[in-house]
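Student: Residue numbers (this note's numbering), protein chains in the order written: chain D, 93 to 207; chain R, 6 to 120.
A portion of the hints provided could be inaccurate.
[Stated by the list, open to error] Examples of chain D residues lying across from chain R (beta carbon under 8 Å, computed):
hint : residue
1    : Y131
2    : L136
3    : F138
4    : K141
5    : I143
6    : G145
7    : K150
8    : G151
9    : K169
10   : F182
11   : F197
12   : G200
13   : T201
14   : M202
It is worth saying that the hints were derived from the structure and are not from the lab.
These numbers come from a predicted model, not from an experiment.
No residue lacks a Cβ here, since even glycine has one placed at the ideal position from N, Cα and C.
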Amino acid sequence: AQSVAQPEDQVNVAEGNPLTVKCTYSVSGNPYLFWYVQYPNRGLQFLLKYITGDNLVKGSYGFEAEFNKSQTSFHLKKPSALVSDSALYFCAVRDMNSGYSTLTFGKGTMLLVSP
Amino acid sequence: NAGVTQTPKFRVLKTGQSMTLLCAQDMNHEYMYWYRQDPGMGLRLIHYSVGEGTTAKGEVPDGYNVSRLKKQNFLLGLESAAPSQTSVYFCASSYADSQGTDTQYFGPGTRLTVL
């Protein structure tokens, strides 16, 4: 079975400060990992994904995520937060060794960036 | 290129009524999905399809049926709506890329209230 945990329901950060949104995962094999963002009253938008290779993945809107196999983590980061980054962020995982399998999403973390 | 569209955007039903939610994608994607989003629960997969004429159960399939008669459409049906089915429903589609991963693209959602 595969699972994702986002330990923080909400993250608060001041504009211009760095931000981190945490994600840990559990799969039996090797993971495919994703971050999605949801703005109010909108569907989810893809931000970035990790398949293999470099542990630091760069995505849309200046976001990046760091894959850490030993800690089974895939934290989302941005060096300088913007008020417009305020949204709901979802981490998701799929087991790449299980043939076709569906994505499992975390419960989401609300990011609030204050001016 | 409209991406993934969902009809209707909003709906209010009485307990016991039936309805069908329509999802359409114009990206020629093989895979399509229906999720529900509830506060504090993240996204939960209801049903999915890996190709025209195929469907499979997800995490929370009870009370729902689906059909994929055409590649571009994926219908979600509620035969006898219950208040527990009050939720926001999202459709998504994806294709397997050259690395064997798939990135899901989401529709704008349907907000359903069952009284």
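Student: Hint by hint, say whether it matches the structure.
Tutor: Results for each hint:
1. Y131: Check failed: Cβ of Y131/D comes no nearer than 11 Å to chain R, outside 8 Å.
2. L136: Holds. Min distance 4 Å.
3. F138: Holds, because the Cβ-Cβ distance from F138/D to chain R comes to roughly 5 Å (cut-off 8 Å).
4. K141: holds (6 Å)
5. I143: Result: holds, 5 Å to nearest chain R Cβ.
6. G145: violated (10 Å)
7. K150: Violated, about 15 Å.
8. G151: violated (11 Å)
9. K169: violated (20 Å)
10. F182: holds (7 Å)
11. F197: holds (4 Å)
12. G200: Since chain R brings a Cβ to about 5 Å from G200/D, closer than 8 Å, the hint holds.
13. T201: Where the cut-off is 8 Å and the nearest Cβ of chain R is about 10 Å from T201/D, the hint is violated.
14. M202: violated (11 Å)
The structure shown violates the earlier hints numbered 1, 6, 7, 8, 9, 13 and 14.
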